[in-house]
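> Below, each chain spelled out in residue letters.
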Amino acid sequence: MSLLNVVGLKTSYGPVNVLAGVSFTVEPGETYALVGESGSGKTTVIRAIAGLAPAQDGSVTFEGQEIRGAPESVMRPLRKDMTMMFQDPVGSLSPRLTIRSLITEPYRIQGMKDRDLDAEAKRLLEMVNLPTHFADRYPYQLSGGQARRVGVARALALEPKLILADEPTAGLDVSVQGELLNLLNDLRERLGLAMVIITHNLSVVRHVADRMGIMYLGRLVEEGTTETIFNDPRHPYTRCLLSANPEPDPDARLERIALKGEPPSLLKRPSGCEFRERCPFAKDICTQTPEWEVNSGHGLRCLAPLS
Amino acid sequence: MTETLLEIDHLSVDYETGRGDLKALRDITFDVNKGEIVGIVGESGCGKSTLISSILRLTAPNTRFREGEIRFKGQDLLQASERHMRDLRGADMSIVFQDPMQTHNPVLTIGQQMLDIQHRSKQSKADKLAHAAKMLGAVGIPDPEARLKQYPHEFSGGMRQRIAIAMALMSEPDLLIADEPTTALDATLEVQIIERLQELQREFHCAILFISHHLGVIAELCDRVVVMYAGAVVESGDVREIFHDPKHPYTRRLIECDPGHIKERARVLPTIPGEVPDLANLPEGCIFRDRCDQAMSRCATEVPPLDQLKEGHHAACWLNHEEVTT
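Top to bottom, those sequences are chains W and D.
Per UniProt numbering, residue 1 is the first one in the first sequence, and the count goes up by one each step.
Per UniProt numbering, residue 1 is the first one in the second sequence, and the count goes up by one each step.
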C-alpha cells in the first residue's frame with residue numbers, strides 16, 4: 001500500500017481552478033519532487049494534502065485512510081505522521097516563542113505529557129546540528145539557514161512518516177543548502193522518512209528526489225523517475241524547464257528552448273492542450289485535449305511528445 | 001580601449017553599533033569598465049548590500065566611510081554633494097532591486113510611475129508616455145500602450161521585474177546596478193531576465209554591476225567576477241578564470257558546493273562547514289582561515305594581500321602569495 005495516494009485532486013477559489021485534477025502516489029521512504037513555474041499549483045497541492053487548503057473534489061488517502069476534507073479532529077492526530085515544512089523559514093516561527101518552545105510545541109499539541117521537553121529540545125537541536133544553547137534564543141537571533149534548521153527540527157519532532165516540504169532550500173546560500181539536503185538525506189535513511197518536496201531548483205531535485213512530477217496550470221504534465229525525466233524528458237514543457245537551468249560554467253553552451261509568452265490566466269484556460277500557445281513544438285493535433293498516459297512508469301500528457 | 005567607469009579604491013565601511021564598530025567592508029578594490037558586466041558573488045553577510053548602498057550613497061545613518069574612494073567617471077562620490085548625488089541617481093546610475101513584488105507603488109498605474117521618473121525631462125507628457133511604452137516594448141511586455149494604464153498587481157512577477165528593468169534603463173544610465181534581480185523568480189523567468197539584460201546591455205551599452213549568489217547566472221551573464229567573503233574581496237578576475245581556475249580556497253569551495261556542478265546524484269553534497277566570523281570582533285589573520293582546509297600558520301596572524309596573479313586575476317591568499325613572490 002502506498003503511503004500517500006492522491007487521485008484527481010481539484011481545488012478552486014471561486015471561478016479560479018487552481019488544481020484541475022492532480023494524481024500521484026508516494027511510497028514509504030520515497031522522495032517525490034513537484035516542479036513547475038510559479039502559479040502552477042505546487043504549493044496548493046501540498047497544502048490541500050495537509051488540509052490547509054480546500055479541495056472540492058478527488059481523493060487523498062494517507063495509509064489507506066481518506067483525509068480529503070476531513071475535520072480537524074481527524075487531521076490533528078494524523079499530523080504526528082505527516083508534517084509540513086513551510087516555505088518562509090523565519091515567518092513560520094512565532095517571534096514570541098523561544099526555540100525550545102517552538103520545537104517542542106508538537107508534543108504539547110499532541111498532548112504527549114510524558115515527554116521531557118528539555119531533553120527533546122536538546123535531542124532535536126543536536127539532530128539538525130545546532131548548538132544546544134540555541135534553545136533559549138528567539139527567532140530574530142537566527143540566520144536564515146539556522147531558522148530553516150529549526151523548521152526541520154520541528155517537522156521531525158514527532159518522527160513522522162511523511163514530510164511535506166515547500167521550497168526547503170529557497171533563499172539559502174549554496175554552502176548551507178548542501179548541509180540541509182545532506183541532513184534530509186541522512187534522516188531519510190535513518191528514519192525511513194518519505195517526502196514530498198517542492199522546489200524550482202532542478203539541481204536540488206536531481207540530488208534528493210527518487211521520482212518527480214512536472215506541473216503546469218494545476219495539472220501534472222509529466223511524471224517519472226528523476227533519472228528518466230532528466231535523461232529522457234518527453235513533454236516540451238519539461239524540456240523547456242530543464243533547459244532553463246543556468247550552469248555554473250561560463251563555457252556551457254546550453255541548447256536553450258525559450259518558452260513563449262506568459263502562463264495563461266487560470267480564468268481563461270486554453271482549449272486543447274493548455275500548453276499549446278507557448279509550446280515551441282506545437283502541432284495541429286494539439287488543438288485536441290491530451291489524456292494522461294502512463295508507459296512503464298513514465299506518465300505523460302502530450303499528443304506530440306518529443307523523442 | 002577600455003575606459004573605467006566606476007573605481008572602488010580601498011574602500012572600508014563601518015557600521016557604528018552598540019557592540020562597537022562592525023567592519024562591514026574592508027579594503028575593497030575593483031573597477032567596472034564602460035559597457036562591461038561585472039558580477040559580485042558572495043553569500044549572506046559578505047557585504048554586497050553595503051557596497052551597493054555605498055555606491056548610491058543611500059546608506060544607513062550609522063554608516064561611517066572609514067577609508068577609500070568610490071570614483072564614478074573620475075569623481076569621488078564620497079565627497080560629492082547630496083545635490084550632485086541626486087542628479088546622478090536614476091540618471092547616470094540606476095538600480096533594479098531584488099523583489100519585483102515590492103518595488104512598484106501599488107496605488108499608481110505603471111504609466112504614472114514611468115512618467116514620474118522622467119521628471120527631469122522637458123518633453124511633453126505625450127512624448128514621455130510614448131517613451132515609456134517604447135521601453136516596455138523593449139523589455140518584451142506585449143501591448144505596451146494598454147499596459148501603461150494597468151496597476152502593478154495586474155502583472156506577473158516576471159513582468160514586474162522586467163518593468164523595473166525598463167524603468168531603470170529609461171534614462172539610459174551608464175551604470176545599472178542589479179541587486180539579485182532574479183532571486184525571487186523561478187528558473188524559466190530567471191533565464192528570461194538574464195537574456196533580456198544581455199540584449200539590453202548590447203542595445204544601451206551600459207555597464208552592469210550584477211549582484212547574485214547564483215553561480216549559474218553569474219557564469220552565464222558576466223564578463224568579470226568579484227568574489228566577496230565577510231566584507232572583503234577574496235578573488236576577482238575574468239569569468240572563465242574564476243570558474244575554471246579559481247585560486248582562492250573560498251571560491252573553489254563555493255563552486256564545488258553548487259549542486260548544478262554535480263551531475264551524478266550524490267549521497268553527500270559538499271558544504272563549507274563553520275560560520276561567517278563576527279565582523280564586530282574580527283579574528284586576526286585571514287578572514288576565511290577558520291573554514292579553510294588549507295590554512296597554514298601564517299594565515300592565523302597576517303591578513304593576506306590581494307595579489308595580482310596574472311593580468312586581471314587577483315586573489316587574497318597566502319597559498320598563491322608564495323607562488324607570486326618565489
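Since the hints were derived computationally from the structure, they do not count as laboratory data.
Here a beta-carbon is modelled for each residue, glycine too, at the ideal position from N, C-alpha and C.
Be a bit skeptical, because a hint or two may be false.
Which residues of chain W face chain D? A partial, calculated answer using Cβ under 7 Å [unchecked claim]:
1. Gly178
2. His207
3. Asp210
4. Pro248
> Are the hints correct? Go through all of them and say.
Each hint, compared with the structure:
A distance limit of 7 Å between C-beta atoms decides the matter here; for W/Gly178 the minimum to chain D is near 4 Å, and the interface restraint holds. Contact between W/His207 and chain D, as hinted, is supported at the beta carbon level, the nearest pair being about 6 Å apart and thus within 7 Å. A least Cβ separation of about 10 Å between W/Asp210 and chain D goes past the 7 Å threshold, and the interface hint is therefore violated. Hint status for W/Pro248 relative to chain D: holds, with the closest Cβ pair at about 4 Å, below 7 Å.
Checked against the numbered hints above, the structure violates only hint 3.
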